[in-house]
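The lines below spell out each chain.
Protein chains: 2
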Amino acid sequence: MSYSSEGTQTAVRWYPPAYDVRVESVPLPSIEYPDDAIVKIKLGGLCGSDLHVYRGHEDVDAPLICGHEFVGEVVALGASFGSSASGRPPLYSTLQIGDKVVSPFTVTCGECHFCRVGSTCRCVHSQLFGIPALPGGQAQYVRVPKAGGTLFKIEGRMSQISDSSLILLGDILPTGVFAVLQALQHPKLLPAVTSQPYPFSSQPFAAIIQENGIDVPRSLIREEDKVLTIAVVGLGPVGICTIVSLLDILSKSKTAFKVVAIDPIEDRRNKVQEVYKSIQENGRGNGTFEVASINEGKNIVSGWTNGTGCNAVLEIVGNNSALLLAYDLVRPFGVISSVGVHQGPQLPFTGRQVYDKNVSFEFGRCPVRAILPIALEVLLKRQDVFGGVGEAASLVEKIVGFDQAVESYELFDKGKCGKVLFDPWR
Amino acid sequence: MSYSSEGTQTAVRWYPPAYDVRVESVPLPSIEYPDDAIVKIKLGGLCGSDLHVYRGHEDVDAPLICGHEFVGEVVALGASFGSSASGRPPLYSTLQIGDKVVSPFTVTCGECHFCRVGSTCRCVHSQLFGIPALPGGQAQYVRVPKAGGTLFKIEGRMSQISDSSLILLGDILPTGVFAVLQALQHPKLLPAVTSQPYPFSSQPFAAIIQENGIDVPRSLIREEDKVLTIAVVGLGPVGICTIVSLLDILSKSKTAFKVVAIDPIEDRRNKVQEVYKSIQENGRGNGTFEVASINEGKNIVSGWTNGTGCNAVLEIVGNNSALLLAYDLVRPFGVISSVGVHQGPQLPFTGRQVYDKNVSFEFGRCPVRAILPIALEVLLKRQDVFGGVGEAASLVEKIVGFDQAVESYELFDKGKCGKVLFDPWR
Numbered sequence: 001m002s003y004s005s006e007g008t009q010t011a012v013r014w015y016p017p018a019y020d021v022r023v024e025s026v027p028l029p030s031i032e033y034p035d036d037a038i039v040k041i042k043l044g045g046l047c048g049s050d051l052h053v054y055r056g057h058e059d060v061d062a063p064l065i066c067g068h069e070f071v072g073e074v075v076a077l078g079a080s081f082g083s084s085a086s087g088r089p090p091l092y093s094t095l096q097i098g099d100k101v102v103s104p105f106t107v108t109c110g111e112c113h114f115c116r117v118g119s120t121c122r123c124v125h126s127q128l129f130g131i132p133a134l135p136g137g138q139a140q141y142v143r144v145p146k147a148g149g150t151l152f153k154i155e156g157r158m159s160q161i162s163d164s165s166l167i168l169l170g171d172i173l174p175t176g177v178f179a180v181l182q183a184l185q186h187p188k189l190l191p192a193v194t195s196q197p198y199p200f201s202s203q204p205f206a207a208i209i210q211e212n213g214i215d216v217p218r219s220l221i222r223e224e225d226k227v228l229t230i231a232v233v234g235l236g237p238v239g240i241c242t243i244v245s246l247l248d249i250l251s252k253s254k255t256a257f258k259v260v261a262i263d264p265i266e267d268r269r270n271k272v273q274e275v276y277k278s279i280q281e282n283g284r285g286n287g288t289f290e291v292a293s294i295n296e297g298k299n300i301v302s303g304w305t306n307g308t309g310c311n312a313v314l315e316i317v318g319n320n321s322a323l324l325l326a327y328d329l330v331r332p333f334g335v336i337s338s339v340g341v342h343q344g345p346q347l348p349f350t351g352r353q354v355y356d357k358n359v360s361f362e363f364g365r366c367p368v369r370a371i372l373p374i375a376l377e378v379l380l381k382r383q384d385v386f387g388g389v390g391e392a393a394s395l396v397e398k399i400v401g402f403d404q405a406v407e408s409y410e411l412f413d414k415g416k417c418g419k420v421l422f423d424p425w426r
Numbered sequence: 001m002s003y004s005s006e007g008t009q010t011a012v013r014w015y016p017p018a019y020d021v022r023v024e025s026v027p028l029p030s031i032e033y034p035d036d037a038i039v040k041i042k043l044g045g046l047c048g049s050d051l052h053v054y055r056g057h058e059d060v061d062a063p064l065i066c067g068h069e070f071v072g073e074v075v076a077l078g079a080s081f082g083s084s085a086s087g088r089p090p091l092y093s094t095l096q097i098g099d100k101v102v103s104p105f106t107v108t109c110g111e112c113h114f115c116r117v118g119s120t121c122r123c124v125h126s127q128l129f130g131i132p133a134l135p136g137g138q139a140q141y142v143r144v145p146k147a148g149g150t151l152f153k154i155e156g157r158m159s160q161i162s163d164s165s166l167i168l169l170g171d172i173l174p175t176g177v178f179a180v181l182q183a184l185q186h187p188k189l190l191p192a193v194t195s196q197p198y199p200f201s202s203q204p205f206a207a208i209i210q211e212n213g214i215d216v217p218r219s220l221i222r223e224e225d226k227v228l229t230i231a232v233v234g235l236g237p238v239g240i241c242t243i244v245s246l247l248d249i250l251s252k253s254k255t256a257f258k259v260v261a262i263d264p265i266e267d268r269r270n271k272v273q274e275v276y277k278s279i280q281e282n283g284r285g286n287g288t289f290e291v292a293s294i295n296e297g298k299n300i301v302s303g304w305t306n307g308t309g310c311n312a313v314l315e316i317v318g319n320n321s322a323l324l325l326a327y328d329l330v331r332p333f334g335v336i337s338s339v340g341v342h343q344g345p346q347l348p349f350t351g352r353q354v355y356d357k358n359v360s361f362e363f364g365r366c367p368v369r370a371i372l373p374i375a376l377e378v379l380l381k382r383q384d385v386f387g388g389v390g391e392a393a394s395l396v397e398k399i400v401g402f403d404q405a406v407e408s409y410e411l412f413d414k415g416k417c418g419k420v421l422f423d424p425w426r
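As given, the protein sequences belong to chains G and F, one line each in that order. Counting in full-length UniProt numbering, the first sequence tops out at residue 426, every number present. Counting in full-length UniProt numbering, the second sequence tops out at residue 426, every number present.
Hints were generated in silico from the structure; no laboratory data involved. Some hints here could point you the wrong way.
What the hints assert, rightly or not - Just the calculated beta-carbon pair ranges, DEER-fashion:
no., chain 1, residue 1, chain 2, residue 2, range
1, G, K226, F, T288, 39 to 45 Å
2, G, A392, F, T288, 58 to 64 Å
3, G, N306, F, T288, 44 to 50 Å
4, F, G156, G, H52, 55 to 61 Å
5, F, D61, G, K226, 40 to 46 Å
6, F, P345, G, S302, 28 to 34 Å
Stated by the list, open to error - Reference excerpt, derived from the structure (chain F facing chain G, CB under 10 Å, subset only):
no., residue
7, K100
8, G110
9, I154
10, V177
11, Q182
12, F200
13, I300
14, S302
15, W304
16, T308
17, S338
18, F361
19, G364
20, R365
21, I371
22, L411
Idealized CB from N, CA, C, for every residue including glycine.
Build out the structure end to end from the sequences listed, making use of the hints.
Listed below in structure tokens is the structure:
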């Protein structure tokens, strides 16, 4: 039965100014441009950054259909799709009605400079799902622009994975991986991995050094210098994704590590303890892991490093108190990888503070489409955390119908529940 | 004739609160700790960051001997030096009275964690020369703490280089190289060098990717994506060092590039034009180079990149207007490498601005001792810029006696002269 855009669907809509979501009947989406697809949604996610809209912090003054995480099935394709699309991203040629797909939380054309070099979150066609101009995924159907670049087709070994697991590829798991890679790939952390001192620790310029006969100093690096000490600040769902990715990647890199996961909320810390218990049973490399409140975290880092501080802090909150804590925890010549969605306030540092500590900051949105291949590996390997629903170590707490949407926003806003998914057909 | 610390020497002293330097007779320094050396100064430099003290911006309330750049000859060594110092940095065993040395601008022990991993500017014994507690290099003699780690011995092919060239290794040339490497080694710039998209562009985690059979996407990178566009903001002496290093390293990396050098002061722009003319005569790779005022610079970058902005901005000024210009010029997912010495004001960005542009910031002091081997190659190859004094393309404008110290501070403070060196024996 072919899709028709006549008629209505049910969706979760937010109304300005704040704290007002309603489940309503709205028109069905239609193909507006040749590169569009329509996806019938199987699950739509409720994400921490939905709360920025919910709380009225996004300066939006029109109603919108919420949500930027979804997994579903293609039900309509624009005129661009088909065998004539050679030279464009592969899905323009290969995507079929009925294919299962997951989408990054922003439109990603796959063809512009930013997409080509991997900074896909800054695609020139970038639009966030769940704004007035682009209805989101807490609905029964959604229009996906530039769909041959944006969508990720679920096939092969992914076919066995549950929808409630696959949906994590749309935002929070890649965002966790991104937080990790921004730190671990930074030249300031590489001496621990390569046993060469900065700036000889990162190798793309090795050719220059060799060609010029530069006298690279003998490495004095000791085993104790090769222990990476990392703090994760913020243990909501993205924080859990970050920790799982971090432990996974560190273990595989054969780097010794000490990781502390910090959050003021006890329920979140307990959840991370359960996640860690499960990870441990599956092997976790040669590292140390602790879960701590803010003050405990400061003491742990100080004890581990003789007051020096962490090599890197992964900041998964998105406000100035989290940034200040990150600054306190990081060592001189360390890295703050900040993937929290920050708002209006001015950054809480003087120029002198950042100069005096040689801080590197990595800010911004995850390039989900570019990170997806790595996130997918983590997802497949960590089904103990990402595969189930509502178990002790599960990231996803529950799947509910839209009848529980209003209540779910309220609970999630107060930190009283974990990751919630909506089944729009329940 | 062995050194005696009895008697007096001539030195340039600064007095609080501001704009007050005097040439005075002060006591000779003496060995205070076993790791100390006394260096008889041949040349002492006047550096842009001396102006922070001069202008009273450093919150210092006691007089001090100025200067943190010097080249000289070892005249006394503490008890640590000699054949019994095995296992310590090599100079504790090998340094001799009479050796010529250059010093980084901060004490660098060579033995702590920070020194071992290459973040030598954050040595646990770090002290800046030219503070009340550590008299500086605008004097006839200077005490150097942790001298076996701090000092760099001039020998071999360096012996032919003039003192007025060698002194540049103490601060400004390594600082220029550092500004460059912080940008070029950043994972966000590596797609242009490796032809792989982020995050696959940096290789230390290649092993993880291979081991896990991650499906690395086919690279879509085009020739146009491999042109690095870089702006240098601030064309004082460190800015010149940055440009020479940048053009040198880019040319050797065989990366196509477009570089714009920006300063509001016409004299500085003219100087950089002369420097570039000299560099061009010696070959400069496959790039484009322009010198521009602030508004010209914005237009050039916009034209080169269709409004996208630079891959990286090297900020060599150290104030908020330079940082704001850097933010304007940098593209989304770009890098701001800031080596200017920043002061008290809060950083002029909201969290939202840095999130929305995915900006990476690299702040702080150059780890001179770690960068020295690379800076030395640039110094040796670019004697057209770094070798002479007072010629059109020379970085050093003049060498004067202390009788011209007061006047030199005044002119330099007003941007009315270039790099000045003091010969304390003239």
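*Would you settle whether the hint for F200 of chain F is holds or violated, based on the nearest Cβ-Cβ distance to chain G being less than 10 Å?*
7 Å, holds
*Does the nearest C-beta of chain G fall within a distance shorter than 10 Å of the C-beta of S302 of chain F?*
The hint is violated - S302 of chain F has no Cβ within 10 Å of chain G, the shortest such distance being about 15 Å.
*So does G156 of chain F sit 55 to 61 Å from H52 of chain G, Cβ to Cβ?*
60 Å, holds
*Closest C-beta approach of F361 of chain F to chain G relative to 10 Å, hint status*: 4 Å, holds
*Return the status of the interface hint for I371 of chain F: holds when the least beta-carbon distance to chain G is below 10 Å, violated otherwise.*
6 Å, holds
*Hey, does the I300 of chain F contact hint survive, CB to chain G under 10 Å?*
18 Å, violated
_Range agreement (Cβ of K226 of chain G with Cβ of D61 of chain F, hint 40 to 46 Å)_ = Holds: the Cβ-Cβ distance is about 43 Å, inside 40 to 46 Å.
*Measuring from the C-beta of Q182 of chain F to each C-beta in chain G, is the shortest one below 10 Å?*
Given a least distance of 8 Å, the restraint on Q182 of chain F holds.
_Assuming the hint says 39 to 45 Å, is it satisfied by the Cβ distance from K226 of chain G to T288 of chain F or not?_
42 Å, holds
*Per the CB criterion, is R365 of chain F less than 10 Å away from chain G?*
6 Å, holds
*Going by Cβ atoms only, is V177 of chain F closer than 10 Å to chain G?*
V177 of chain F check passes; min Cβ-Cβ to chain G is 8 Å, inside 10 Å.
*Against chain G, run the beta carbon of L411 of chain F and see if the smallest gap drops under 10 Å.*
26 Å, violated
Going down the numbered hints, you'll see the structure goes against 7, 9, 13, 14, 15, 22, while the others check out.
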